[in-house]
Amino acid sequence: MKLGKPPIIQAWIEFRFDHATDRPEWGWPLASAFFDQFQNDYPEREVMVHHQFQIAKVESKQKPRVVDERVDLAGMRAFQADRGRYLQLSQDSLVCNFVRTDAKGYEGFDALKREALSKLRAYVNFFRPTRLLQLAMQYVDLVRIPFQQSRIELKDYFTLGYDLPEEVFGPTLNFLVQYATRPPGSRDILEVRLWNEQLDPEGPTGQFRMDWRLVAFEELSFAQDVLGPRLDQAHERLLDCFKKSFTPQAWAMFEPVS
Amino acid sequence: MLLQAVGTPAFIRPLDPLFAGSSNTASWSGGPGDLFDVLRRVITAFHIGRAKYQLRTPLLATFYPRIDGETGRLSVTPLWLSIIGSGGTWDEAWQHWAGQFHVLFQTLLAKRPWEMETDEKGMWERIEQLVDVPAYRRETPYIVRQIGWLTRRRPIPDRIRWEDGRRERVDLMQMPPEFAALHEGDRFEAEVERHAVTGRLIRTIVVRRLPPLRPTNADEKVWSSAATTTQAPAVEWDEFE
Numbered sequence: 011m012k013l014g015k016p017p018i019i020q021a022w023i024e025f026r027f028d029h030a031t032d033r034p035e036w037g038w039p040l041a042s043a044f045f046d047q048f049q050n051d052y053p054e055r056e057v058m059v060h061h062q063f064q065i066a067k068v069e070s071k072q073k074p075r076v077v078d079e080r081v082d083l084a085g086m087r088a089f090q091a092d093r094g095r096y097l098q099l100s101q102d103s104l105v106c107n108f109v110r111t112d113a114k115g116y117e118g119f120d121a122l123k124r125e126a127l128s129k130l131r132a133y134v135n136f137f138r139p140t141r142l143l144q145l146a147m148q149y150v151d152l153v154r155i156p157f158q159q160s161r162i163e164l165k166d167y168f169t170l171g172y173d174l175p176e177e178v179f180g181p182t183l184n185f186l187v188q189y190a191t192r193p194p195g196s197r198d199i200l201e202v203r204l205w206n207e208q209l210d211p212e213g214p215t216g217q218f219r220m221d222w223r224l225v226a227f228e229e230l231s232f233a234q235d236v237l238g239p240r241l242d243q244a245h246e247r248l249l250d251c252f253k254k255s256f257t258p259q260a261w262a263m264f265e266p267v268s
Numbered sequence: 011m012l013l014q015a016v017g018t019p020a021f022i023r024p025l026d027p028l029f030a031g032s033s034n035t036a037s038w039s040g041g042p043g044d045l046f047d048v049l050r051r052v053i054t055a056f057h058i059g060r061a062k063y064q065l066r067t068p069l070l071a072t073f074y075p076r077i078d079g080e081t082g083r084l085s086v087t088p089l090w091l092s093i094i095g096s097g098g099t100w101d102e103a104w105q106h107w108a109g110q111f112h113v114l115f116q117t118l119l120a121k122r123p124w125e126m127e128t129d130e131k132g133m134w135e136r137i138e139q140l141v142d143v144p145a146y147r148r149e150t151p152y153i154v155r156q157i158g159w160l161t162r163r164r165p166i167p168d169r170i171r172w173e174d175g176r177r178e179r180v181d182l183m184q185m186p187p188e189f190a191a192l193h194e195g196d197r198f199e200a201e202v203e204r205h206a207v208t209g210r211l212i213r214t215i216v217v218r219r220l221p222p223l224r225p226t227n228a229d230e231k232v233w234s235s236a237a238t239t240t241q242a243p244a245v246e247w248d249e250f251e
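The listed protein sequences correspond, in order, to chains A and B.
Just so we're on the same page, my numbering is the position in the first sequence counted from 1, plus 10.
Just so we're on the same page, my numbering is the position in the second sequence counted from 1, plus 10.
Just so you know, the hints here were simulated from the structure itself, not pulled from any lab data.
Don't take every hint at face value.
No more than 25 Å apart at the CA atoms, straight line, and that leaves these computed lysine to aspartate or glutamate pairs for DMTMM-like [said to hold, decoys possible]:
| id | chain 1 | residue 1 | chain 2 | residue 2 |
| --- | --- | --- | --- | --- |
| 1 | B | Lys-62 | A | Glu-56 |
| 2 | A | Lys-15 | A | Asp-92 |
| 3 | A | Lys-114 | B | Asp-101 |
| 4 | A | Lys-123 | A | Asp-151 |
| 5 | B | Lys-131 | A | Asp-210 |
| 6 | A | Lys-253 | B | Asp-44 |
All chains should be built: construct the whole structure from the sequences, respecting the hints.
Shown next as structure tokens:
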């Protein structure tokens, strides 16, 4: 299935790990050392820190005592100069993101899978985790639909949703639909969220964001011949659900190539 | 379900990650999923130049690359204003969004309520929902131009009489280096940063010495050439009855 105008904005693969008790202490030096291996491919870096304040009990009319502040590294990310690819690290997680860019567009699932599996190998060699706790795959799409006389009938475009009787509730201004399901024949969890983003004032065009997330907890392994097919399976599942969430009229907007 | 396009954005947005209720939503909005979304950031306050905007509720700013030709769009949730940022990256689009917001805020802030049009009143109400305006007024110093005289130089220059008659004691730490070179009685103009509520001097940005206000020969000539009542013709009051 190939689309001439795919609505995808971003996709990522997340790995969450379990570690032995003797793992090196998480922090800036450890995260930096991991990213140093990929300095050429991911030259830019950002960090996310948590400021933790110590609140001291004081009596009334008593001056506050010295309050301690601790700064913890919550996460670190390295990325390419065009911000098309990101590699993210937090205490127990590794994430590979691909973002649609002007020059490259979206690079596709095969490239994302290759990159994620290669960085997983590097993580396993560097941090020596004991097992893979969770695997998640997420897609973010933005679907743009022009308004017809200031209105959009959602069921003409989406098969997801829930109908509110207009005679009771009045017209819908904003909405959010979210489901968590267990796909047939699987122990994974699939989450989908559909909601309307801010209007494009130049249209006016309705903009609908869809988040697709599949989380797997079982049958996970560091072995590439296990994980590769697992990712293929997750991708196929999300793709199938994605396609079936649109009516033929909406699907035609993406200009499918047969 | 029919989605209605409205001219002005609705006050309440359905997606507000801080108020998302279910465990699934919580795990997604604010959990690991959202932490790793590289196109989203949560904004609690931001600066444009010297203006600091403290938000009443955090904004979730999302960048959508390449949805409109070459530049992406940035939109915020909750949506209080119809502002969309444009740019090639999240940072560029955010700067564009914040710049537009800054212009709107400062334009409306400069107006009294009766000077606002109806749509401007509506926008100001929305801004007040978004930004802690009293905190902004309280925490944003104002800068004024003042003229004054140094009234005490020794042991260090520390006393000023302003043109409006107010006297002020200053600390050299609040003053630019040129101030230390002034002599007693020197007249100067200054750009002064003051606390928005108390008017307390925070710092003086620039001091420029001004010529003293002394009568000159030219002034004397003008003064002595001015007509006086002694030159007025003698008249009888009865003439005007």
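The hints, checked one at a time:
Using a Cα cut-off of 25 Å, the hinted pair Lys-62/B and Glu-56/A holds, with the two alpha carbons roughly 23 Å apart. For a cut-off of 25 Å, the pair hint linking Lys-15/A to Asp-92/A stands: about 21 Å separates their Cα positions. Using a Cα cut-off of 25 Å, the hinted pair Lys-114/A and Asp-101/B holds, with the two alpha carbons roughly 20 Å apart. This hinted pair checks out: Lys-123/A and Asp-151/A have alpha carbons roughly 18 Å apart, not beyond 25 Å.
Of the pairs offered as hints, the one joining Lys-131/B and Asp-210/A holds, with about 23 Å between alpha carbons and a cut-off of 25 Å not exceeded. The straight-line distance between the Cα atoms of Lys-253/A and Asp-44/B is roughly 24 Å, inside the 25 Å bound, and the hint therefore holds.
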